[in-house]
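Asker: The listed protein sequences derive, respectively, from chains V and E. Residues in the first sequence are numbered from 1 upward in steps of one, following my numbering. Residues in the second sequence are numbered from 1 upward in steps of one, following my numbering.
Some clues are possibly wrong.
In silico SDA-like links for lysine to any residue, alpha-carbon gap of 20 Å or less [to be verified]:
#1 E:K421 x V:N367
#2 E:K80 x V:Y315
#3 V:K80 x E:A319
#4 V:K80 x E:N367
#5 E:K416 x V:V18
#6 V:K416 x E:I369
#7 E:K314 x V:L76
#8 E:K406 x V:N49
#9 V:K314 x E:G271
#10 E:K416 x V:Y315
#11 E:K314 x V:P77
Calculated from the model, a selection of chain E residues having no Cβ within reach of chain V, i.e. all distances over 12 Å [stated by the list, open to error]:
#12 F87
#13 E346
#14 V382
Just so you know, the hints here were simulated from the structure itself, not pulled from any lab data. Note that the coordinates shown come from a computational prediction; the quantities given were computed from them, not determined experimentally. Just so it is clear, CB atoms sit at the ideal spot from N, CA and C, and this is done for glycine as well.
There are 2 protein chains.
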Amino acid sequence: MKLHLKNGRYLDVRTMTVKSGSVCTEGGIFTYVGNEPPEDNYDRVIDLNGNLVIPGFCNAHTHSPMVFLRSFAEDLPLDKWLTEAVFPHEAKLTPEDNYTLTKLAVAEYVSNGITSCFDMYYYPEAMAKAFSETGFRCVFCGALNNFSESIEKLEEYYLKFNNYHPLISYKLGFHAEYTTSLELMKGVAGLAHKYNAPVWCHNSETKSETEECIARYGMTPTEIMDSIGMFEYGGGGYHCIYLCEEDFNIFARHNMTVVTNPCSNLKLSSGIADLTEACRRGINLAIGTDGAASNNSLDMFKEMYLCTALQKLKYSDAAAMPAESVLKAAFTGGARALEINSGAIETGKLADFAVIDMRRPCMQPENNIVKNLVFGGSRDIVRMTAVGGKILYENGGFFIGEDTEKLYADCAAICKRIFTK
Amino acid sequence: MKLHLKNGRYLDVRTMTVKSGSVCTEGGIFTYVGNEPPEDNYDRVIDLNGNLVIPGFCNAHTHSPMVFLRSFAEDLPLDKWLTEAVFPHEAKLTPEDNYTLTKLAVAEYVSNGITSCFDMYYYPEAMAKAFSETGFRCVFCGALNNFSESIEKLEEYYLKFNNYHPLISYKLGFHAEYTTSLELMKGVAGLAHKYNAPVWCHNSETKSETEECIARYGMTPTEIMDSIGMFEYGGGGYHCIYLCEEDFNIFARHNMTVVTNPCSNLKLSSGIADLTEACRRGINLAIGTDGAASNNSLDMFKEMYLCTALQKLKYSDAAAMPAESVLKAAFTGGARALEINSGAIETGKLADFAVIDMRRPCMQPENNIVKNLVFGGSRDIVRMTAVGGKILYENGGFFIGEDTEKLYADCAAICKRIFTK
Numbered sequence: 001m002k003l004h005l006k007n008g009r010y011l012d013v014r015t016m017t018v019k020s021g022s023v024c025t026e027g028g029i030f031t032y033v034g035n036e037p038p039e040d041n042y043d044r045v046i047d048l049n050g051n052l053v054i055p056g057f058c059n060a061h062t063h064s065p066m067v068f069l070r071s072f073a074e075d076l077p078l079d080k081w082l083t084e085a086v087f088p089h090e091a092k093l094t095p096e097d098n099y100t101l102t103k104l105a106v107a108e109y110v111s112n113g114i115t116s117c118f119d120m121y122y123y124p125e126a127m128a129k130a131f132s133e134t135g136f137r138c139v140f141c142g143a144l145n146n147f148s149e150s151i152e153k154l155e156e157y158y159l160k161f162n163n164y165h166p167l168i169s170y171k172l173g174f175h176a177e178y179t180t181s182l183e184l185m186k187g188v189a190g191l192a193h194k195y196n197a198p199v200w201c202h203n204s205e206t207k208s209e210t211e212e213c214i215a216r217y218g219m220t221p222t223e224i225m226d227s228i229g230m231f232e233y234g235g236g237g238y239h240c241i242y243l244c245e246e247d248f249n250i251f252a253r254h255n256m257t258v259v260t261n262p263c264s265n266l267k268l269s270s271g272i273a274d275l276t277e278a279c280r281r282g283i284n285l286a287i288g289t290d291g292a293a294s295n296n297s298l299d300m301f302k303e304m305y306l307c308t309a310l311q312k313l314k315y316s317d318a319a320a321m322p323a324e325s326v327l328k329a330a331f332t333g334g335a336r337a338l339e340i341n342s343g344a345i346e347t348g349k350l351a352d353f354a355v356i357d358m359r360r361p362c363m364q365p366e367n368n369i370v371k372n373l374v375f376g377g378s379r380d381i382v383r384m385t386a387v388g389g390k391i392l393y394e395n396g397g398f399f400i401g402e403d404t405e406k407l408y409a410d411c412a413a414i415c416k417r418i419f420t421k
Numbered sequence: 001m002k003l004h005l006k007n008g009r010y011l012d013v014r015t016m017t018v019k020s021g022s023v024c025t026e027g028g029i030f031t032y033v034g035n036e037p038p039e040d041n042y043d044r045v046i047d048l049n050g051n052l053v054i055p056g057f058c059n060a061h062t063h064s065p066m067v068f069l070r071s072f073a074e075d076l077p078l079d080k081w082l083t084e085a086v087f088p089h090e091a092k093l094t095p096e097d098n099y100t101l102t103k104l105a106v107a108e109y110v111s112n113g114i115t116s117c118f119d120m121y122y123y124p125e126a127m128a129k130a131f132s133e134t135g136f137r138c139v140f141c142g143a144l145n146n147f148s149e150s151i152e153k154l155e156e157y158y159l160k161f162n163n164y165h166p167l168i169s170y171k172l173g174f175h176a177e178y179t180t181s182l183e184l185m186k187g188v189a190g191l192a193h194k195y196n197a198p199v200w201c202h203n204s205e206t207k208s209e210t211e212e213c214i215a216r217y218g219m220t221p222t223e224i225m226d227s228i229g230m231f232e233y234g235g236g237g238y239h240c241i242y243l244c245e246e247d248f249n250i251f252a253r254h255n256m257t258v259v260t261n262p263c264s265n266l267k268l269s270s271g272i273a274d275l276t277e278a279c280r281r282g283i284n285l286a287i288g289t290d291g292a293a294s295n296n297s298l299d300m301f302k303e304m305y306l307c308t309a310l311q312k313l314k315y316s317d318a319a320a321m322p323a324e325s326v327l328k329a330a331f332t333g334g335a336r337a338l339e340i341n342s343g344a345i346e347t348g349k350l351a352d353f354a355v356i357d358m359r360r361p362c363m364q365p366e367n368n369i370v371k372n373l374v375f376g377g378s379r380d381i382v383r384m385t386a387v388g389g390k391i392l393y394e395n396g397g398f399f400i401g402e403d404t405e406k407l408y409a410d411c412a413a414i415c416k417r418i419f420t421k
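Model the full structure from these sequences, guided by the hints.
Answerer: Below is the structure:
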């Protein structure tokens, strides 16, 4: 598919400025960005009429199939929510369910300008099928813990899904310190050394998780993992709310990534991650939605706004965490974490992009488009989303190889079966 | 205009449940809600195909023309933002500017399901013209302070705009204690007694504002105002972040309304209002966006999410401020504050409503639609917005008597003139 997006503007992520020009794609990558597009036999020429091409958002932490729990049990204390609403119903999910539910999540992602995700959940075979069939880019993270999967399974998945489909890859990972024995964690660290691979997990999401780890090992989650060589080849943590000074040192030393999930952290009253400190230390920052059960939407605009707004609250400083830093995290920070060649509108990069409708009232007047994407954007400004140059969403319509009416009915049937006692 | 919205669902705000049925309007009010719509000669019959009719949102605190400052100067400390970005540029606004800018705000309101606003700003004549011409409902609040307007002007406006147009009304009000002398405040209290009228103002938005008032009078802003009989006939405050025990007593005693503006409060690092305490005491709660300069969008979905999420953070309790309380504030709490007969889909109420697109992925599956409106909603789910039975927004198109391309160009010209030194 050779696309020519003409008569538009694009976000230059290096300078965080908006430039005028054409954007061309072929073979899944950007082949030209600028003001003198080559004459070519394009499959489709799209007149952007001044609209704005931005890199697709990288959703750097999610559990896609959890859309089935969206608004199933809200306004509950965390323990009750987990033990009564989440765990017993997750146990009823089949691989077929996850296949269908993943497609619903993809529809929501592309309606939001999201073009890739970093997903930790069960039944990756079924999910990989859904992602590749819909045309969406997914990097899986291992979900090993004391109750499911094994070191052998993790290695099997690692080898399988890194050779499965161009849209799919796989990172070593486990659920979290508090759900994974030291023996298992040592097994993961062993694989990291065997494959020179980064490792990912939930880390320091709640105060009690961190305190209990210190009681158990005399070390924070980051420290105990680092002590067994877990991060020799980098990686990162999801949430990272309760990182201490030494934890930040470890993240910096191993070029690790802090993935922040502010929406989920508010809803579950977990706290506010110290993104300002992470940025001050030059630690790579990425942004994720977490699963829909704890959010409840898969909406990077909501996350981006909270990234800056909650730092302003935390530091009582309206200048904290400027918009440019947030956008960098949502684009290049995420791409660096997932090790995919996206996150910028540049020749040679993966053609993962979204087109922003500059004619929505919330985008007017155009005093500062970059600031406004973060402070004033919302899902309604996304006019088009493409992954690898393939348009998956355009003008409210979905092109993910699945009729959405059927998809919604299938998801409703799954919920009915699971929630019926 | 006689409308029949058939084959849909509607939100019953009394029970906070979703019901199936038809909604009919005539003469600006709902004439029928239920399952046996009368045969009639409707001007238009709309098949909702299962979509959801909700009351229009009441934006209970805003400064509409401030859209001109949207994303003009972000990530600045509050004092610099006010003195360098806001004040000098506001001073250049003309009535004609405010007329045009108000129309841009209306476009954004209706794209968001907002059907009425409570607006405090300069040049109400120009703004009232814009609101009535576009078909949007506005209740003005007096903007008196030491630097502009007068008691006589306030009374003149009060009488004029309460007899101006069915869509327009006017409440007594002044900017805030810290910008208004005791003498002027006494003058406002005098008008309140003369007209048996409620009074509104910014109240306890920042810690320093409250501390300085205590240093000045030995009383909080609420206490000093109450001591001069300001709230004999009710009214309320915008922001209300730093209310003390006695302030809450005063609010409860006079049946006053707390209007919360969580998005603005985060962006300007003002703090988190104690909505939980207000609800516990049965104080009426309403929600507003504040002006676009400090938000940056006029988006009630963003505000609603923050209303619940920030209480969960403040109280470290994921059960704090349930979704139903938030919706009540956004609908009936706002209508009660503005003294307009809207906020519910019921026969005899003003036909101010929005239609929610239930086929957006973020609204699926339908585990709990009421919860999901607050936790998972965003502007893209608004399919239609009508004020007094007149459709102002439908399927992305605006019907506000103004071409949006021209409106955007006019607003750009205003910004260019104002921001050019």
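Asker: Indicate, hint by hint, whether the structure satisfies it.
Answerer: Hints and how they fare:
no., hint, verdict
1, E:K421 x V:N367, "holds (15 Å)"
2, E:K80 x V:Y315, "holds (17 Å)"
3, V:K80 x E:A319, "holds (10 Å)"
4, V:K80 x E:N367, "holds (18 Å)"
5, E:K416 x V:V18, "holds (18 Å)"
6, V:K416 x E:I369, "holds (15 Å)"
7, E:K314 x V:L76, "holds (15 Å)"
8, E:K406 x V:N49, "holds (15 Å)"
9, V:K314 x E:G271, "holds (9 Å)"
10, E:K416 x V:Y315, "violated (34 Å)"
11, E:K314 x V:P77, "holds (14 Å)"
12, F87, "holds (16 Å)"
13, E346, "holds (25 Å)"
14, V382, "violated (8 Å)"
Taken one by one, the earlier hints fail for this structure at numbers 10, 14, listed in ascending order.
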